[in-house]
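Residue numbers (the numbering used here), protein chains in the order written: chain A, 1 to 271; chain B, 1001 to 1212; chain C, 2001 to 2200.
These are computed hints drawn from the structure, not numbers from a lab.
Every residue gets a Cβ at the ideal spot worked out from N, C-alpha and C, and that includes glycine.
Straight-line alpha carbon distances no greater than 27 angstroms define the calculated DSS-like cross-link-like pairs of lysine-lysine that follow: (1) C:Lys2153 - C:Lys2091; (2) B:Lys1169 - C:Lys2150; (3) C:Lys2091 - A:Lys145; (4) B:Lys1040 - C:Lys2125; (5) B:Lys1209 - A:Lys199; (6) B:Lys1169 - C:Lys2112; (7) A:Lys196 - B:Lys1205.
Coverage of chain A stretches by chain B, computed from C-beta distances (three or more under 8 angstroms per stretch; other residues unrestricted): (8) 11-25; (9) 98-109; (10) 138-144; (11) 184-197; (12) 201-214.
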Amino acid sequence: MEYVAQLILIAFGAAIINNFVLIYFVGICPFIGVSRRVDMAFGMGCAVTFVISIAGLLSWFFTYYFLREGAPWATAIYNACGGDGPSNLTILSYIIYIFVIASSVQLVEMYVRKFFPTLYKSFGVFLPLITTNCAILFACLEIMKNVAVPAGTDPSQIWGLGQSLTLAFFGGVGFTIAIVIMAGIREDLDLCDVPKPLKGPGITLLVAGILAMAFMGFSGVNGNLEKLLKPETPAMQASAVQQSNKATDETVEGKVPEPKSMKALPQQYPH
Amino acid sequence: MAKDGPTSLERFINGILPENPVYRQILGMCPTLAVTSCMKNAMTMAAAVAFVLICANLVVSLIRNILQPHLRILVFTLTIATFVTIADKVLAAFMYDTSKQLGPYIPLIIVNCLIICRCEVCASKQGVVTAFFDAVGNSLGFALGLATMATVRELLATGSWFDIPLFWKEGTPSETYRWSLMGLAPGAFFTLGLLLGVANWIAEKFAKKQTA
Amino acid sequence: MTKYIKQGWLVVLLALAFGAALAGVNRALDPKIKLNEKNATYDQVPNVVPGADKEKTQPVAKNVLQAFDKEGKPIGWVITATGMGYADQIKALIGLNADASKITGIYILDQKETPGLGSKIATSKWNSQFIGQPANEPLSVHKRMTEAQKQEKNGKIDAISGATISSKALTDKVVNPAVAEFRTALQAGEMTKPKEVETK
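The following block holds chain A by itself, in its conformation from the complex:
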C-alpha cells in the first residue's frame, strides 16, 4: 500500500505538479517547434513518452547495477579483477545516459518501422529529433538522483524499477499534456492579430507563461495527496493527538482570539 501510494505521488508529481515543460523547462525546443497542430503535437508527445520510458528503464538498470557507489555487478567485476571494496562509476553516468538515449531512439525507430508501419507514419518522423530532447536526459538524471545515493543511505530510500519507470512514463505524459494544450491554443492564435515582432516563438513563450502560472496552482496538491494516501507514522500521530488535545482546551493566552471559522476547521486543514 505504501508502495502504491508512493507511485501515485511520483506519477502525479511528474505529470502535473512539477510538469517537465512548464515547471522545469525541459523539452522546450519541441514544445515551441512542434506545437503548431494538435495531431502533430500528440504524435510528438506519444513518441517522447515511448522513448522516455525505455530510456528510464535502461538508465535505471545501468545506474542500479553498474554506476552507483557500491553497485552490485560493477563491484563484483571490480573485485574479480583484483580490486578491493565497492566500486563507484558515477562519473561515467552522463556519458552512459546520453548513449542510452541515442541508442534507445535508434532501437525504437527501427522496431516501430519494421513492426508498426502505420504507427511509424504517424509519429516516426519525430523520433530522430528526440535524441536532443532535454526531457529524456532530465528523467534519467532524476532517476540517478534517487538511485545513485551516497553510500550509507537507507536502502529502502533507493528507487527501484517501479518508481523509476513511473517517473519516466508520467514525465512523458506531462510533456504530452503540455504540448497538446499548447497546440490547441496555437491553432486559435493563428486567427489572432499578433504584433509582428512577437509572432512565432515570442507569443508562444508568453502563452507558455500563462500556462505555467495555471500549473503553479497545483503546487501543494501533493502535500494533501500524501496525507490522503499514506497512513501517518506513530510519532506524527502522537504529536497530532497531543496537539488536538491542546487545541480543545486551549486558553488563548494572548487575548488574540482566532476567528471562529478557523478554529472550527479540523486540525489538519489550517486554512
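Dock chains B and C against the given chain A, drawing on the hints supplied.
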C-alpha cells in the same frame, strides 16, 4: 586559414549580436529559462557552457579531417558529454552551493542544441583558429542573452543584482513589492517572450535602416 | 573486420583519451566533492548548537550528530530531519542542548516552498523563534501572536502570514516527529556513546 565560409572575425562578431544564440537563433532555451532567476547562477551557467563549447569546438576542429562523416554525431556527443562531466565535477568541487542550485541543468548542457549546432556548422568544417573564435563569440552571445534575462528577472523578483540588494531591501516595508512571480517559471517565460519581441523589433528597425 | 577498425579507430582512441581524462578529474576532485557534501551539514553545526566546534562533531546514529565544544565537552545534538512541506520535501537541521530538553537552533537545508511566502521558513528572522523552545512536548503553530507572546517560549510558534501550511509543515511534519523520535531513542540509551558510523 578559412578556405570557405566566414573568417574568424566574422564568426566572432556574428556569434555575439547578429546571430545571438538566445535571441536570434533561439538555441539552448532550457538553461536560458531555468537558471536565469539570479545573475550568479546565470553567469556560472554561461561560464560552464563557454568551457564546454570552446573545448568541444577545438577538439572537433582538430579531428575534422580524419573523422568519418557518419560517425560525426557520435563523436560530437562523446566529446560534449566528457567536457560536461568535467565542468560538473569542477563546479561541485569549487562552487558547491551554486552547483547544487543549478542541479540537473549542468548535465543538461549535453543536449543543449547550441553546442552541437556550432560543432556541426563551424568546427567540423573550418580550422582550429576560426573554430575557437566562433566558440568564444557564441559563448559571449549566450552569456549576453543569459545576462539580460537574469538582470530583468533578478531585479524584479528580489530587487537585487548579483545578490547585492539595490531596492526593495529586506526588512523594509517596500519588501512587500517584490514581484516574486518573476523568479518562478511563468516569469521566465514572460521575460524571454517579451525580450524576444524587443530583439526582433530592434533587428527589424536595423534592417530597415540599412536598406534605406 | 579491418573495415570496422578503419572506421572506428578514432572513436576508440577518443573514448580512451576521454576516459583517462575523466579518471584524472575524478581522482583529483572526488575527495574535495565528498568533503563539500559533508561540510554542507557540518558547517551549520555551530549555528544550530551555539558554541559547538565543527571539527569535533561526530555522527552517533543515522541522521544524528553529537556536538562538542572546544574542550571536547558534549553540549548538544544535531538532527537531520525531512518531511513533506507545502510544495516538496523540507530538509532541516535541528539543534538540541545536551539533555535534549530545549531546541537551540534550526537551519533549513533544502526547501521549495512558495517563494516570498512559504520560503520565509528558511529566514532566520522567522525560524529564530524555535530557539529556546522546549523539546519535551510537541510545538504548535498559532496565528497572529504578539512579540511578547513570541518571547515566552512555551511551545507556541507564530505562523508566517500567508503561509500557515508551510509553518505548520515545518513544525508538525519535520521538527516534532524528529525531536520526539530522537528523545525516545536517547531515553532508551541508544545515543550514549559515539559509535563508528559510516560517513559519506
